[in-house]
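Chains A and B, in that order, give the protein sequences. So that you can map any letter, position 124 of the first sequence is 124 in this note's numbering, and since no number is skipped, the others follow by simple counting. So that you can map any letter, position 185 of the second sequence is 185 in this note's numbering, and since no number is skipped, the others follow by simple counting.
Hints were generated in silico from the structure; no laboratory data involved. It cannot be assumed that every hint is accurate.
Claimed, not checked - Okay, derived cross-link-like pairs now, PhoX-like style, lysine-lysine, Cα gap no bigger than 25 Å in a straight line:
hint, chain 1, residue 1, chain 2, residue 2
1, A, Lys84, B, Lys293
2, A, Lys84, B, Lys372
3, B, Lys95, B, Lys232
4, A, Lys84, B, Lys174
5, B, Lys225, B, Lys108
Claimed, not checked - Now the stretches of chain B that chain A is said to cover, found in silico as 3 or more residues with beta-carbon under 8 Å:
hint, segment
6, 176-190
7, 492-502
8, 505-518
Keep in mind that this is a model prediction, so the values were computed, not measured. Here a beta-carbon is modelled for each residue, glycine too, at the ideal position from N, C-alpha and C.
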Amino acid sequence: MLAFLVQRISQALLVMFVISVIAFAIQDGLGDPLQEMVGMSVSEEEREVIREELGLNDPVLVQYLRFAGNALQGDLGNSYFYSKPALEVIAEHLPATLELVIGASLIIVFLSVPIGVYAAIRPQAWLSKFFMGISTVGISIPVFLTAIVLIQLFSIGVTVNWFPSGSGWGQWLNDFFSTDGGMPSYGRGDDLVHLFGTWDSGLFTSDGLAHLVLPCVSLASIMLPLFIRLIRAEMMEVLQSDYIRYARAKGLSADRINFLHALKNTMLPVITVGGVQIGIMVAYTILTETVFQWPGLGLMFLEAITRSDIPLIVAYLMVVGLIFVVTNTLVDLIYGLVNPTVKLTGKKA
Amino acid sequence: MKKLIGALLGSMVLAAAPVALSAEATKELKMAYDADPVTLDIHEQLSGGILQLSHMTFDPLVRWKSDLSFEPRLAESWERVDENTMRFKLREGVKFHSGNELTAADVKFTLDRLKRSQDFKAIFKPFSGINIIDDYTFELVTSEPYPLVLNTATYIFPLDSEFYSGQTEGGKDKSAILKHGNSFASENLSGTGPYTVTRRKQGVRMEFERFEDYWDTDSPGNVGKIVLTPIKENNTRVSALLSGGVDFIAPVPPNDLERIKRDKNANLVTMSGTRVILFQMNQERVEAFKDPKVRQAFAYAINQEGIAAKIMKGFATPAAQMSPAGYQGHNESLAPRFDVEKAQALMKEAGYEDGFTISMMAPNNRYVNDDKIAQAVAAMLSRINIKVDLKTLPKAQYWTEFDNRAADMMLIGWHADTEDSANFFEFLTFCPDADSGAGQYNAGNYCNPEVDALVDKASVETDLDKRAAMLQEAEKRLYDDAAFVPLHWQDLAWASKKNVNIEPVLNVMNFPYLGDLVVE
């Protein structure tokens, strides 16, 4: 266990080192940070003074060594735009993203497991076919389109008049397809509860939760179909295996076979994929947060790029790299819990 | 489905509703801009966001009216004493947010600080000093006769000298202007304006409350609280208005103008703006551009009206010069001159009938539809056998390329900080001179000393009629010489809910005077 953790920590350090080198190598291509800091009519001399103050005129290697020296002491530099330590800026934006990812993950877990299992146990049922059809559509729609459609339907509202409104049934159909709108379409709302540190939470007020609904659904929409299909496929395979047949022959109840014996083995690969997908989900937050003006890491990162806020870009990439390593480590640990025969370090027990 | 979803979501929406209702009684305004101010120090950066903040939390000596005339604010009256001196009378009894009273000493403090500010010092360069006559009278002195004293006075938002002087607990100078790093002024604010900043989370939201002791008791403004949310994404900003999440948005993207016009709860206001969009033709890189005939052929080949109608969806005013209507230099006689046959004939005369290949660069997220405009211009130039190698870049990378003059034709948009024609010439068409900083954005390397001399003469001419004639003459000469390819002035657009009466507080400078806003 200890050897495993040491191995993972050294991996994390290596990952972060590589990321920082790459980020520094491409910084020239990211543009001139001064363009966002001064007005158009500021003279070249004035600009030169600021560049000198920021150390932008030093060779890249000198800049990198200075950065690395500070980074070893836990200082990833100051954001140009926020005029604050980059890690502090990230800490301020992290809670919003975490709440978004948690919300989307909950939607995925609580929908994909029952639907996937149902579709595996009753593959011929019309409901299963319906869900599979929906998931094919869902997987092929880009997340920002989902977001825009959701905003149009549930924030702005749509009035339908496809059917003759004179007759009762026409009006009923029109009402049936029309939506009211009224759901919040941007931001986290006014009613946040301060938890600790930089964490202001929207999870404890109705206003905060209402603001979470559309962004979470959009973010979940991209992963949900994938998980439904994955669980269904795994479950169907497990149901064909010898030990399930043996259990059936033994006369165990269907529920016990499905939910105790089969489900447990189904979940192993799902957890692995899930761990990787949570990391990818952090990346998808960039799109979701932009469309919903969600003040999290993704939006912050995108704005940092348009502003050439290099210290913040580097810090973000390193933190996200760290999140990937940590989630994968956790997945491996959980793996061990679900299936005790798996050995973490790969050595023989 | 309506009923079904209503039942599912109704509880959440209802729970949020009482907040909105009680807020309405105190006239709260929720507004969404594409960006929020980067700092609370109004001298740290010269940008639209900072000027908007200045008008909300401070007051200028004088301010622009929508017809580009001046309206007295903290300066009650003014008179020219001699060629180089203008005397101002300050309004009495004006209080800062801190409770201190405004005097001429505050104006001096502010002017001195402006002259130290990296972004503002260029605008205040003509000013040599300030004479304080008494607490409420002062004189602005320029080193040469300067016709734009009042234009510049719109940038003097007196600061609370007592509040911004001395040292912080940490021993930092309170009056320091820091571009990078935390200064006292970047986090604390005391002005004379209609609003105080009550909460600020950078990039997320900013809250303002009406200042109780605001001097302008005649102001019809009835907004007690303003919540500013930056929403960068155009679509999201428009959705926020249409869904009722915010009361007021700016800017409105051209693609959504129709959608907002159609909406029965929304109110759209547009007006012609003062930012000109143009292409410069680099004579240093392309020999052919030294020939006026070639430059004229380019000017004739571009269909400004087509671009304004098709690409800008009518949301732009086609331009044939730099000065927009209302500016002194605006020359009524100059009109767009789209004529492909004439352009082809000119190319033939110049000996370039078979055309040539040029490179072109434009930003793709700086001006409205900038990349599409560049594509259209490239296509139009093919009619005179010019092959264009077009590259569009995000603004962060574009300006580095622009400074390097990296392409034969480059797009630039320019808004005169002084709201005056001379500024266009000084930055865009003056012979480039690294020492004086003239022609800093002249990526065409166009150089016409006669026009430069004419504009220089106009810059010290205090007889405004004579001055206007000179500047209009300068525009005409550049037009005849086809110094650049003008495209259009970008229009401005704002949108609000029907009950927010934005029209009276809007102006062509694009900073609404929110202190006077009436919400019904």
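Here is how each hint holds up against the structure:
1. Our distance criterion of 25 Å between C-alpha atoms is broken by Lys84(A) and Lys293(B), whose separation comes to about 54 Å.
2. A distance of roughly 37 Å separates the Cα atoms of Lys84(A) and Lys372(B); the hinted pair therefore is violated under the 25 Å criterion.
3. For the suggested pair Lys95(B) and Lys232(B), the alpha carbons sit about 35 Å apart, so the restraint of at most 25 Å is broken.
4. Restraint check: the Cα-Cα separation between Lys84(A) and Lys174(B) comes to about 18 Å, which is no more than 25 Å; the hinted pair holds.
5. Between Lys225(B) and Lys108(B), the direct Cα distance comes to roughly 31 Å. Violation of the 25 Å bound is thereby established for this hinted pair.
6. Look at the segment 176-190 of chain B against chain A: 6 of its residues bring a Cβ nearer than 8 Å to a Cβ of that chain, three or more, so the hint holds.
7. Counting residues of the segment 492-502 of chain B whose beta carbon lies closer than 8 Å to any beta carbon of chain A gives 0, which falls below the threshold of three, so the coverage claim is violated.
8. Under a criterion of three residues with beta carbons nearer than 8 Å to beta carbons of chain A, the stated coverage of the segment 505-518 of chain B fails, only 0 such residues being counted.
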